[in-house]
Amino acid sequence: MSLDKEKIKHVAKLARISVDDAKVESLTKDLNSIFKFIEQLNELNTDKVEPLTSILNQSLRSRKDEISDGKIREKVLKNSPKENEEFFVVPKVVE
Amino acid sequence: MSKEKFDYFIKGEKGKYEVVIGLEVHAQVLSKSKLFSGSSTKFGADPNNQVSLIDSAFPGMLPVINEECVKQAVRTGLGLNAKINNYSVFDRKNYFYADLPQGYQISQYKNPIVGEGKVLLDMPYGSKEIGIERLHLEQDAGKSIHDMDPSNTYVDLNRSGIALMEIVSKPDLRSPDEVNAYIKKLRSIMRYLGTCDGNMQEGSLRADVNVSVRKEGDKNFGTRCEIKNVNSIKFMQMAIEYEAARQVELIENGKEIDQETRLFDTKKNETRSMRSKEDAHDYRYFPDPDLLPLKLEQKLIDDLKKSLPELPDKKKERFIKEYELNAYEANVLVSEKEISDYYEEVAKFSDKKLAATWMMGDLFAMLNDKGLDISKSPISAKHFAELIQSIKSGEISGRIAKEVFEIMVESGENPKKIIESKGMKQQSDPKELEKMINEILSKNNDKVDQYKAGKEKLFGFFVGQVMKLSGGKANPQLTNEILKKLLKG
Chain A
1 MSLDKEKIKH VAKLARISVD DAKVESLTKD LNSIFKFIEQ LNELNTDKVE
51 PLTSILNQSL RSRKDEISDG KIREKVLKNS PKENEEFFVV PKVVE
Chain B
1 MSKEKFDYFI KGEKGKYEVV IGLEVHAQVL SKSKLFSGSS TKFGADPNNQ
51 VSLIDSAFPG MLPVINEECV KQAVRTGLGL NAKINNYSVF DRKNYFYADL
101 PQGYQISQYK NPIVGEGKVL LDMPYGSKEI GIERLHLEQD AGKSIHDMDP
151 SNTYVDLNRS GIALMEIVSK PDLRSPDEVN AYIKKLRSIM RYLGTCDGNM
201 QEGSLRADVN VSVRKEGDKN FGTRCEIKNV NSIKFMQMAI EYEAARQVEL
251 IENGKEIDQE TRLFDTKKNE TRSMRSKEDA HDYRYFPDPD LLPLKLEQKL
301 IDDLKKSLPE LPDKKKERFI KEYELNAYEA NVLVSEKEIS DYYEEVAKFS
351 DKKLAATWMM GDLFAMLNDK GLDISKSPIS AKHFAELIQS IKSGEISGRI
401 AKEVFEIMVE SGENPKKIIE SKGMKQQSDP KELEKMINEI LSKNNDKVDQ
451 YKAGKEKLFG FFVGQVMKLS GGKANPQLTN EILKKLLKG
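Residue numbers (the numbering used here), protein chains in the order written: chain A, 1 to 95; chain B, 1 to 489.
FYI, nobody ran anything at the bench for these hints, they're computed from the structure.
Since the structure is predicted, the reported quantities are computational estimates derived from the model, not experimental observations.
Watch out, some of these pointers could steer you wrong.
Simulated crosslink set (SDA-like; lysine to any residue; CA at most 20 Å straight-line) [claimed, not checked]:
#1 A/Lys-64 with B/Pro-171
#2 B/Lys-93 with B/Lys-110
#3 B/Lys-143 with B/Thr-153
#4 B/Lys-184 with B/Pro-59
#5 A/Lys-82 with B/Ser-144
#6 B/Lys-143 with A/Val-93
#7 B/Lys-299 with A/Ile-34
Partner residues are not named here, just some residues of chain A that face chain B (Cβ under 10 Å, in silico) [what the hints assert, rightly or not]:
#8 His-10
#9 Ser-18
#10 Ala-22
#11 Val-24
#12 Thr-28
#13 Ser-59
#14 Arg-73
#15 Lys-75
Facing chain A, according to a computed beta carbon distance under 10 Å, are these residues of chain B, among others [what the hints assert, rightly or not]:
#16 Phe-364
#17 Leu-367
#18 Glu-395
C-beta atoms are modelled at their ideal positions from N, C-alpha and C, and glycine is treated no differently.
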């Protein structure tokens with residue numbers, strides 16, 4: 001797999017990261033070399049190996065259906081740049 | 001009911017087109033707390049008051065799954081006759097939106113908790129099976145409010161993180177009527193199971209609607225469009241009609257249909273393209289590193305299966321057998337669990353056929369009129385059964401029963417008491433009736449002669465007189481018999 005400049009710009013847009021044109025050049029180079037390194041793994045034959053989804057040999061932890069959280073609006077809204085006591089306030093997004 | 005033929009096609013200039021519909025229904029799981037946090041799911045709370053640091057995606061917070069939500073998904077899967085997967089995986093579905101603080105939704109992609117199943121629909125043209133592709137668990141997003149401020153959008157995260165079941169149908173639906181029947185059936189099954197309250201006004205049940213069209217007889221599907229987030233059956237039906245007509249027009253004009261996401265504008269009654277969603281399909285799913293795979297013990301699944309209540313299809317069969325109802329009556333009476341419970345309570349103490357007729361007639365009309373659910377009925381099942389028995393035994397006539405019914409609605413009194421205190425008992429003593437009728441006939445000698453001379457229409461006049469004199473209480477059947485006998489003589 002190799003990345004071209006268009007792909008880099010697309011991924012940056014999806015991730016909402018601002019990347020200027022000068023940076024795209026060096027990012028393309030860096031990321032491609034990272035991918036190349038990772039792709040060495042494809043040389044191994046893994047036909048008979050189960051995919052490893054976790055290194056922990058545990059099952060998913062669960063909790064009982066009880067209300068144990070919430071009612072902390074002040075805390076939740078504290079770091080929001082704009083607020084009106086009750087809501088998060090963001091630039092208008094309308095379809 | 002007579003069997004009609006399926007007939008929903010869009011007529012173009014170049015032929016008839018079949019409409020192909022698949023639904024992705026989002027059903028809110030009934031649980032006290034959210035899928036991965038301990039905040040409450042209760043509807044209608046103050047904004048952002050049911051939000052934890054997990055729901056608002058603070059750094060370093062870890063999701064822990066709610067075991068009840070898992071059970072609810074399994075119950076629903078069993079109710080849809082579906083395969084339950086012992087192994088499923090939670091993935092991150094990445095997209096950017098103001099009401100999604102994590103920047104991704106935790107969902108299930110390649111390995112959903114429930115696999116293929118099916119739902120049976122009763123259509124006027126026979127029963128139809130709709131395939132279920134899958135059911136998976138996912139988080140709901142928050143709510144954006146656009147009309148409180150001209151230049152800003154307000155975000156309420158109370159809904160953020162509530163568990164949803166996404167139920168994906170196969171593209172087996174062919175008309176707005178089938179969509180209506182399908183949603184109602186899903187809703188009914190989930191309400192029986194207690195896994196979703198099905199309240200569409202509160203957004204507990206909403207759907208993305210996939211629509212395509214093809215020439216009648218074509219084997220291949222046409223290009224589909226997805227209409228996002230429609231929250232009422234009526235709007236789904238309107239959106240499908242508009243969208244199908246739009247696609248047929250494009251095809252007939254030799255144009256291509258773009259596979260795209262559209263929204264239904266309920267004010268203009270049309271669908272239109274959501275350009276902002278162009279990139280949205282690039283979701284970059286990957287397994288959520290915060291969550292291990294979900295492994296279900298077979299014993300848990302078997303135990304849940306054993307504890308399921310009787311579901312509408314089974315109950316309908318039983319009602320037809322046990323209460324000798326026809327398929328239509330049975331269908332109506334099992335549509336809601338509360339209705340079927342009420343009916344069974346009434347039928348236990350009264351005539352089962354007459355009870356069904358009166359429930360589906362006067363009782364439903366009254367509830368509809370008052371906008372009440374059957375659980376809030378001003379007439380209890382016990383009182384209703386007494387009323388039915390009074391009709392069945394001949395104590396009161398059907399006409400008087402309607403009056404008693406009205407009084408019961410207003411007063412909540414038991415019918416026996418009403419009948420007695422108002423002297424509404426039917427006159428069924430043949431001797432007394434005969435006496436009364438003789439009196440009427442002797443007062444109307446001229447009309448009796450006319451009747452005997454062949455003016456048989458006057459029979460109705462005599463019946464009317466009897467009813468008038470008895471205050472509507474004369475037993476109609478007996479009155480007819482005696483009148484006929486005396487007029488012959």
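Worksheet item: For this structure, which hints from the list above don't hold up?
Response: Hints 1, 4, 7, 9, 10, 11, 12, 16, 17, 18 contradicted; others consistent.
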